[in-house]
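Engineer: Sequence:
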Amino acid sequence: MKLGRGRRRSLVAVAVVVMTAVLVVGLYLFQPWKLWQDETVREALPTASPATPTVPPSGAASVPPAAPAAPQTLAEGAFISHEHDTRGTAQVIRLSDGSHVLRLEGLDTSNGPDLRVWLTDAPVKQGVAGWRVFDDGKYVSLGRLKGNKGDQNYAIPAGVHLADYTSVAIWCDRFDVSFGAAELATT
1 MKLGRGRRRS
11 LVAVAVVVMT
21 AVLVVGLYLF
31 QPWKLWQDET
41 VREALPTASP
51 ATPTVPPSGA
61 ASVPPAAPAA
71 PQTLAEGAFI
81 SHEHDTRGTA
91 QVIRLSDGSH
101 VLRLEGLDTS
111 NGPDLRVWLT
121 DAPVKQGVAG
131 WRVFDDGKYV
141 SLGRLKGNKG
151 DQNYAIPAGV
161 HLADYTSVAI
171 WCDRFDVSFG
181 AAELATT
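My numbering puts the first residue of the sequence shown at 1, with every later residue one more than the last.
One thing to keep in mind: the hints can contain errors.
Mimicking DSS-like on lysine-lysine, the simulated pairs with C-alpha atoms at most 27 Å apart in a straight line are [unchecked claim]:
{"#": "1", "residue 1": "K146", "residue 2": "K125"}
{"#": "2", "residue 1": "K125", "residue 2": "K149"}
{"#": "3", "residue 1": "K138", "residue 2": "K125"}
The hints are simulated quantities; they were obtained by calculation from the structure and are not laboratory data.
Model the full assembly from the supplied sequences, consistent with the hints where possible.
Structural biologist: Quick look at the structure:
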């Protein structure tokens, strides 16, 4: 049975439309160009705002402001690689005003679509066994990864009970996989 010329053209047109749609969806999901794009971030550790001097009652000597306490590292760990090569360190730091930040130093990982920084209660496992464990339990997303290289800070919300979280993951939300993770050991 032979197809007519018009019918063949229709089938070719449908095939082109389907292949174009598949290509567009694939490009959206995988964003392969990010493999060749690095985003480097160089943030300094946040500091406390300067203390204001206390106003003495009239006739009394002025009281100098108290020096702010130095930031204190509460927990830290080195990243291991999962889906992508990942290096650097993660630190949970208490600032002088009592707030907490997660600081990533010397981070070096691949760029990718929809990368997040998570505090989790999952154990950090080597190899493929550790790629997908971080969304199995408790986790807090600290936001999008600012850059795949460099030093960066992520505010930890005030209500987060830090003792509940033992690791940090660079999580690809699009594909539910860890690029790399660090176990946090208290210091």
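Engineer: Within a Cα-Cα threshold of 27 Å, do K146 and K125 meet the stated pairing?
Structural biologist: Roughly 25 Å between the alpha carbons, so the hint for K146 and K125 holds.
Engineer: For a C-alpha distance cap of 27 Å, please report whether K125 and K149 respect it.
Structural biologist: Distance ~23 Å between K125 and K149 Cα, so the pair holds.
Engineer: Given the hinted pair K138 and K125, is their alpha-carbon gap at most 27 Å?
Structural biologist: 16 Å, holds
Checked against the numbered hints above, the structure breaks none of them.
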